[in-house]
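K.L.:
The lines below spell out each chain.
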Amino acid sequence: MTPAPQPPPRTASTAPLGRLLAAEVRWVLLRPRTLVMLGLFALIPVVIAIGVVVADGSGGRGLIGATAGNGLVLPVAAMTLALTLLLPLAVAMAAADAIAGETAHGTLRGLLLAPVGRLRLVGMKASGVFVVAVLATGLIAVVGVLAGLVVVGGADGQLVTLSGTTIGLGDALGRVALVAAWTVGQLAAVGAVALAISALTEHPLIVLASVLGGLIVFGVLGAIPALDFLQPYLLTSGWTAGADALRDPLPLGGMGESTLRALGYAVVGGGLTVALMLRRDA
Amino acid sequence: MNPHPDDTAVAVAGSDGAQPALAPPTDPAGSPAARVRGARKVFGRTVAVDLIDLDVPAGSVLGMLGPNGSGKTTLIRMLLGLTRPTAGTAELLGHPVPDAAAAALPFVGALVEGPGFHPFLSGRENLRRAATAEPLLTGREIPAAVETALERVGLTDAAGRRYRGYSLGMKQRLGLAAALLVPRRLVVLDEPTNGLDPAGTRDVRRIIAELHTGGATVLVSSHLLAEVEATCTHVAVLQSGSLVAAGELSRLLEADTSGLVITTPDVDAALRTLRGAGATAFLDGDGAVVVADGGPPAPEIIALLVRAGVAMYEARRRRPRLEELFARLTEDTP
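Chains A and B supply the protein sequences, listed in that same order.
Numbering follows UniProt numbering, with no gaps: position 146 of the first sequence is 146.
Numbering follows UniProt numbering, with no gaps: position 328 of the second sequence is 328.
Looking at chain B on its own, in the form it has when it is part of the complex (with noise of 0.2 Å):
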C-alpha cells in the first residue's frame, strides 16, 4: 500500500492494520506527524491536488502556503479523512488514513474550513457539545476542559452568549477552542486568523508558540506570509494542486540569500575596486551593487570601499523574505 518501503512508518501502518484501533498512537521518534504520498484529488473535471509528497515532522510548525484554490484545504482534508484521495495515501501519526484514523484523530485537534456551530447555542454549550464527542475527555473532565479552552481563547466573557451573536472573530476564536479541548498531539489550522483584529493575531500566534513549545505539532494553513514567517519553522508552497517548495523555512530563506547589498552614488567607481579585489560584483535592478559570497567577507569589502573613497549609503545582507519567495514561488509557474 505504501509506495515507499524504506520508510519508518511502514512497520507503524502494518501492525496497526492487525490490532484494533484501541491503543494510542506509537509512531516512533522522527516519523511525521503527518504525511502524504502520491495523494491526488479530482472533483469531477478539476484536479484539486496532484501527486503531492508531503511530510510534516513531528514537532513542527509547518506553515501551508498558497493562494486561493491552490489545494491546501483539500490536502488538509484528505490529511484528517473527510475525504477520500482519488489515489495516493495520507497517514496520520503513523496511521493509515481514512481507514485508521480514528486512533489518531483523539489526539488531533482541528479547525477546518472555519468554526462550525450551532448558532441557538451558547459558545459553551457549542464546545460542551464537542467535548461530549472527544474520546480522551471523561464526563468529569468536561465542564473543566472547556472552561480552560475558552480562557485560552480569550472567549471567558461571551461564552455565556449566543453563538448567532458572535462577531467573525469570536467564531474563529471558539473554532479554535474547538481544537484545543483536549492536550493535542497534532493541532491542524486552516486560515486560523481569518476575521481576526490584531489582538486576535497575535493571540493566534501566542497559542501556537505555546503548542510548539508544549512539544505538540502544528499545521497552519494561511495567506498572510508575514504571519507564517513569524510562527512557522517548516513552510510548504502550494500552487494549482502541486507542491512547488516544502522545507524549513530558514533553509528556504538561506538558499535564496546571496551577498551584500551595498547602495551607493559611485556605482562605476565600487564596481571597480571590487572587481578589482576579486570579488563578484554586479547592478542589480534598483541600481544596487550587489556583491555576491564566496569573496572576501562583508567587513573587509565594506573596509576596500572606504579606503578607496566610494560614498555609501548603505551596505546590507541581501535577505528576501518569505514574501519575495512565495511571489517568485507561485507568480513564475504557469
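Next comes chain A alone, as it looks inside the complex (with noise of 0.2 Å):
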C-alpha cells in the first residue's frame, strides 16, 4: 500500500455552499420515491382532462366542471386539489426524508462531522424540500397547461373566465404562473414546518403524520363556525384562493391575505428548525 500523501496547507473549514446545495439536490433528485411521486404530479391533471373528455360537456358544478372546453381552468383546478392533500404530502415527505430519515440512516451524523455548520445544514435541507416543492407544483402547471391545449382546446387563443370574460394565451398563462407560485409559497410554510418536527424526531413516519393530522385538524378547525376566530390563524383557510385567478378582473386580497399567512408559518417554523438543529445530539 502506499502511504498516506502528506496534507496539503488548506484553510477551508467548510465545503462550499453551492457545492453543497448541489449535492443536496442531486440527492433529492437521486433518491426513487422523490422520482415516483413528481410522476404521479404530472399525470394528475392528464387524469383530470381524461374524466373531462369521457363526460364531453355534460357539465357538473365547481371547478372540474368548469373545466369543459376551457384550457385555462385544467391547471388552476389540478394545483387547487393536489394542494388541499397531495402537494403538503410531497413536501412533508421531501422534510420528513431531509433530517429525520437522515438520522435514522446515520448519515446525518456524517454531515455534521464534515463538517456542514448546522445552520448551512438547514439552509441545505430547506432548498432541498424547496426544489421538490417547485418541481412538484411546476409540473402539475406544465402538463396542466398542455393537456387544458391539446385535450380541453385552446378555444383559438381565447380563454373563458368564470365571470364570463375572455383573456388572451399570454394573460392565461400569466395567471396560471402566479396561481404556481402562490401554491409554492403555500408549500413553503408546510415544508418550515415539516422540517421543525424533522428536527425533532429520528423517526421520518411522524413528520408525515403529524402534517397530515394538522392538515385534518385544520380543516376541521375551519369548518365549525363556532371557532370562526381561528380563520386568520389557520394555514388551510385560505387555500382555495387560487381559484381566484379565474375571475376577471383579477382578485388578489385572497392570495394576498394567506401569502401573508405562509409567510407567518415559514418565519415561525424555520426559526424553529434552526434552535432545534443547533441543539440536535447527532
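By construction, these hints were calculated from the structure, which means they are not laboratory data.
It cannot be assumed that every hint is accurate.
[As the list claims (entries may be wrong)] Heads up, simulated SDA-like pairs for lysine to any residue below, C-alpha to C-alpha not over 25 Å straight-line:
id	chain 1	residue 1	chain 2	residue 2
1	B	Lys171	B	Asn194
2	B	Lys171	A	Arg33
3	B	Lys171	A	Ala177
4	B	Lys171	A	Val28
5	B	Lys171	A	His203
6	B	Lys171	A	Arg26
7	B	Lys171	A	Glu202
Just so it is clear, the structure is predicted and the values come from calculations on it, not from any experiment.
Both chains come to you apart, so use the hints to assemble them.
P.N.:
Structure, rendered in C-alpha cells:
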C-alpha cells in the first residue's frame, strides 16, 4: 500500500455552499420515491383532462365542471386540488427524509462531522424541500396547461374566465404562473413546519403523520362556525384562493392574505428548525 | 473554562477563541490529539460517562476498551462534538469542542456507531456525497479521492452496487472509506471490525498501521482485545462510565508482569532450593512455582534448579495478556 500523501496546506473549514446545495438537490432527485412522486403529480392534470373528455361536456358543478371547453381552468383546478392534500404530503415527505430520515440512516452524523455547519445544514435541507415543492407544483402547472390545450382545446387562443369574460393566451399563462407561485409559497410554509418536526424526531413517519394530522385538524377547525375567530390563523383557510385567478378582474386579496399567513408559518417553522438543529445531538 | 491552567493547550484554545475558525489547527508539539477533562454525560437518570480525564497523545494508536454500555461511544461522541457533555470540557486537535469543532473536524475522520449511508445509492455515489461535504477537498479532487478511498478498503469492485445489497462487512468497509477520504490527523474508529471477516479484520489492522506510520493519531474502540493488543500503542479501559486504566500498552502490561513461572513435578524441592538461594518463590493457583523478580536473574535460577536435580517441564516469564488485565480491571470493580 502506498502511504497516504501529505495533507496539503488548506485553510477551508467548510465546503463551498454551492457544492453542498447541488449535492443536496442531486440527492433529492436521485431518490426513487421523489421521482415516482413527481411522475404521479404529472398524471393529476392528465387524469382530470381525461375525465372531462369522457364526461364530454355534460358538465357538473365546481372547478372541475368548469374545465369543460376551457384550457385555462385545468392547471388551476389541478393545483388547487393537489394543494388540499397531495402537495403538502409530498413536501412533508421530502422534509421527513431531509432530517429525520438522514438521522435514521446515520448520515446526518456524517454531514455534521465533515463538518457542515448546523446553520448551513438547515439551509441545505430547506433548499432540498423547496426544490421538491417547486418541481411538483411546476409539473402540475406545465402538464396542466399542455393537457388543457391539447385535450380540452384552446378555443382559438381565447380563454373564458369564471366571470364570463375572455382573456388571451399570454394573460392566461401569466395567471397559471401566478397560481403556481402562490402554491409554492403555501408549500414553503408546510415545508418549514415539517422540517421543524423533522428536526425534533428521528422517525420520518412522525413527520408525515404530524403534517397530515395537522392539515385535517386545521380543516375541521376551519369548518366549525363557532371557531370563526381562528380563521385568520389557520394555514389551510386560504387555500381556495387559487381559484381567484380564474375571475376577471383578478382579485388578489385572497392570495395576498394567505401568502402573508404562509410567510408567518414559514418564519416560525424556519426559526424552530434552526433552534432545534443547533442543539440536536447526532 | 479549562480547569488545568498548566496545560499547554490552554494557550491554543484561548487564541482560537479570538480567531475565526479558518486557520488549520496549530497545536504545539506534544499537545494531545484529543483530550477530555472532567467529562460527564447524563441521559435522564443514567450516567453514561462519569468524570473522565483522558488524553489521546498525538501520534499514538489508542485502543478504548470496555464492556458494552461502558460509555465508549458516548465519550467518542462528546469528543467529536456530536453531543454536549453535561459537565467538563473536550478538545480536538487543540480546539475546544463543540464550540470550535469546525476548526478541527476537517482533519478528523470518524466511523461512529456503525456506517451511515443511503440504501438507494451505490457505494461510490454515497462516498461522493460524503466527499462533497469535506472542506479539504476541492470539487476537482473529489472523484480521485473517492476512488483512492474505495481502493484502500478493497471495495472498488463493489462500488457500483447499491448500498442496500451490501453485506455487513462491506458496509463497514465503506464507513471506513468515508473516514479516509482526506488525509487525516486524527482517525476515530468506533468498533471498526464489527461484522468483518478475518480478511477484513486484517485490512483494518493494516489501515491502522498505515495511519500510524503516516503520523496520524488513531482512536479505536473495540471489544476485541486481541485486535487492540496487536494494533495499539496506548489503551484506555472504561467500566460503567469511568476510566479504570489508561496509558501505554506496554507499560500497563509490564506493571503487571512479575517473575518467572516454573512448572515442575517436584514442587517442594524447587521451593526449598529457590528459597535457600535467596529468591522469593511461591506456589500459584495452578500448582506452578512463581519466582518473583528482584532475586537472582532467570538464567541463574534455572541453572540452580538443574544443579539441584529438580525436574522441570517448563520455565517462562509471567506475562499477562491484555485479556487478563482487562478481565481484572473490569470484573473486580463493582
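K.L.:
With the threshold set at 25 Å, check whether the alpha-carbon distance from Lys171(B) to Arg33(A) stays at or below it.
P.N.:
holds, 23 Å
K.L.:
Taken at face value, is the distance from the CA of Arg26(A) to the CA of Lys171(B) at most 25 Å?
P.N.:
Since the Cα atoms of Lys171(B) and Arg26(A) sit roughly 22 Å apart, the hinted pair holds (cutoff 25 Å).
K.L.:
Checking one constraint from the list: CA of Lys171(B) to CA of Glu202(A), max 25 Å. Satisfied?
P.N.:
holds, 21 Å
K.L.:
Verify the proposed pairing of Lys171(B) with Ala177(A), using a straight-line Cα cut of 25 Å.
P.N.:
Not satisfied, since the Cα-Cα distance of roughly 46 Å exceeds 25 Å.
K.L.:
Assess, step by step, whether the Cα of Lys171(B) is no farther than 25 Å from the Cα of Val28(A), and give holds or violated.
P.N.:
holds, 22 Å
K.L.:
Just to be careful, I want the Cα atoms of Lys171(B) and Asn194(B) compared with a cutoff of 25 Å; is the pair within it?
P.N.:
holds, 10 Å
K.L.:
Are the Cα positions of Lys171(B) and His203(A) separated by 25 Å at most?
P.N.:
holds, 22 Å
Violated hint: 3 only; the structure is consistent with all others.
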